[in-house]
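A.B. asks: Dock chain G with the ligands against the given chain L, drawing on the hints supplied.
Protein chains in written order, with our numbering: chain L, 1 to 413; chain G, 1001 to 1240.
These are calculated hints, taken from the structure and not from any lab test.
What you are looking at is a predicted structure, and each value in this text was computed from that prediction instead of being measured.
Mixed in with the good hints there might be a few duds.
Taking lysine-lysine and the DSS-like style, the derived pairs with C-alpha atoms no more than 25 Å apart in a straight line are [claimed, not checked]: (1) L/K16 <-> G/K1147; (2) L/K16 <-> G/K1144; (3) L/K399 <-> L/K325.
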Amino acid sequence: MRLMIAIALRHILARKRQSIVSLLGIMIGVAFFLAISSIMQGSQKDFIRRLVDNAPHITVSDTYRNPAKQPLEILHPGAIVEIRNVKPQTETRGLRGYRQILEMIRTIPGLRASAVLTGQALLSFAGKDVNIVLNGMIPTEIQGITTIDEHMAHGTVDDLIANRDGVIVGTELMRTMSLDIGDNITLAAATGQVRTFKIVAAFRTGRADYDLTQVFVDIKRVQAMMDRPNRANTIIINLDDPQAALDVARSIENRIGYKAVSWQESSEDILNTLMIRNIIMYTVVSAVLVVAAFGIYNIISTIVMEKLRDIAILKSMGFRAGDIKRIFLVQGFLLGLAGIVTGLPLGCVLMLGLGQITFRPPGMEPLKMPIDWSAPQFLIASAFAMGAAVMASWLPARKGAAVLPVNILRGGQ
Amino acid sequence: MSAATPLLLEAEHLTRTLEGDIPVTLVRDASVTVGIGEFVSVTGPSGSGKSSLLYLLGLLDTPTSGIVKIEGVDATALDENSCAALRLEKLGFVFQSHFLLPEFTALENVMLPMRHLGQYPDKIIQEKAFALLDDLGLGDHARKHPKQLSGGQSQRVAIARALANDPLLILADEPTGNLDSASSALVQGILKDLAHGHDRAVIAVTHDPAFAAQADRRIHIIDGAIVTPPEGVSPDGNEA
Ligand SMILES: Nc1ncnc2c1ncn2[C@@H]1O[C@H](COP(=O)(O)OP(=O)(O)OP(=O)(O)O)[C@@H](O)[C@H]1O
Ligand SMILES: [Mg+2]
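Next comes chain L alone, as it looks inside the complex (with noise of 0.2 Å):
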């Protein structure tokens, strides 16, 4: 092997110019690929990262996913039943039970859990209305779980513990209203309640809507304004592990009935759809490195047609067909690896350029390009550019094995 690589060596530096051209064609696509692939995964991931940070990563909500089974249904399993005019039993919305549920979640480890009830409010301030959700918290618990102690833009969570009637609104809904910390607000529930809370704290998550209608108060004022002492109607869990959300959900549906959806699932069309972005972006940029395979098939099928008087003499030697096959897999071996050592380079370069640009999305901070920096990035990249270059090289080098001594030697002489 060491022979052939030696022999595959000689027929490159003997074509200088041709390989560095073929060379250039694989750095080139290397570097594209990386730093496309590199900003395409970035943002994947800061959009990913956004979703598991901004929502919980499984929320226990009071509805079922299948209606409930007719005790028909349950006493014949199997069985063909079919029941008309079923009445309806009107419930009570809510969780039931909430504070069994939660305990029986906090027993899977790994994650923390608490209980939130919601509900629709007005909040009218100097002639404005807006359509407030109301979240109603237990503040003590809320630490870890709730996504907007990490985005808190003035005082903490935990002001709702020393205030009971305070509510945290976002710098948006302050904004519009022209509030300030320490402001009060009255808020109307659609059961005609009505209550006033101060402002003791104000997050901003950059999400313009979010940031304007969500408040978060204590659970307690919430049922109160809904009329629903005791209730609450969503369970929000945070996991260590977000990956095991569906899992997680998953299990924790089947124990206790009630819908739990983790992120994964609620967000499932948005993670389809950046499947199929990045089947398109490995699309385009592997026919950058396509097109630069083809330098690659070109210089070594003109180093197999120019030697097929070595090849027949080789062979005359006693070279195997193998041994032939090598020499020229190798040549498409050396110049993938020559054009991945200067391709990722290339690419870092491109990347950090890259990295400089900042963007405005709409209803969004400002952000920089997020880019990827992580070893697969470059691994995947050098195993496209070595498969393309090798897959180049393959060709021309089948045919320069084929090659029969005889046929060269009879037209040679």
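C.D. replies: Below, chain G with the ligands without anything else, positioned relative to chain L:
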């Protein structure tokens, strides 16, 4: 040749036909035996099938029928890789044009078959290759690339390369065809010495009557078939 000479090569009833719209028979029912120490020349008119016969004997081509035995082993029954191994260890080729690899020096060209066989460490291989070149009077040219060598020098390098793995049988196809008379005489002398002095055999195709005359035995081919060489007829088959 004496009956005691061990047989190195036995070819029996070799026929090689190229399939096609009009099938062409290159070699017709040719049987050849060569013993150790023999120097055999192959003569015949141009296009008579000399090269074709040599390719069959050298396992570079597969006969349509007939067998080739090297040291008693039927090589026609072997697969391609085993044939390659036989060529590597037991056979050496010299062609009309030298076929040296242009990217390698004379020394490296001679080292190639040895490195491929991988019997010795590189250092020994280099020494052996140098010794071979030196024997052929090329000690001063070992580091030159083929394009820096004359035709006769290149041909001698090619002979050195054919000898690299100490082959039993050297097959030469018009080795002096491209050489001037002085170089030609030198190469002829080398090939003859190889056969006679080193326990191997040489088969050489030639158009040169003087060369053919030096051989222990002459195989004459006309139209693909081996015939008894008529006296007074030159190796080309023309009247002398
Ligand atoms: N590929 C081929 N297709 C058809 N005929 C071929 C082919 N190759 C060789 N021949 C024919 O086979 C015959 C034998 O060719 P070969 O090269 O063995 O002759 P030769 O005796 O070595 O000739 P020369 O002295 O010119 O080298 C020739 O008549 C040639 O025309
Ligand atoms: Mg010939």
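A.B. asks: L/K16 and G/K1144 were given as a pair; does the straight-line alpha-carbon distance stay at or below 25 Å?
C.D. replies: Distance of about 21 Å is within 25 Å: holds.
A.B. asks: For the pair supplied as a hint, L/K16 and G/K1147, confirm whether the alpha-carbon distance does not exceed 25 Å.
C.D. replies: OK: L/K16 and G/K1147 at ~19 Å, within 25 Å.
A.B. asks: Need the status of pair L/K399, L/K325: alpha-carbon distance at most 25 Å?
C.D. replies: 8 Å, holds
In the structure shown, no violation is registered for any of the earlier numbered hints.
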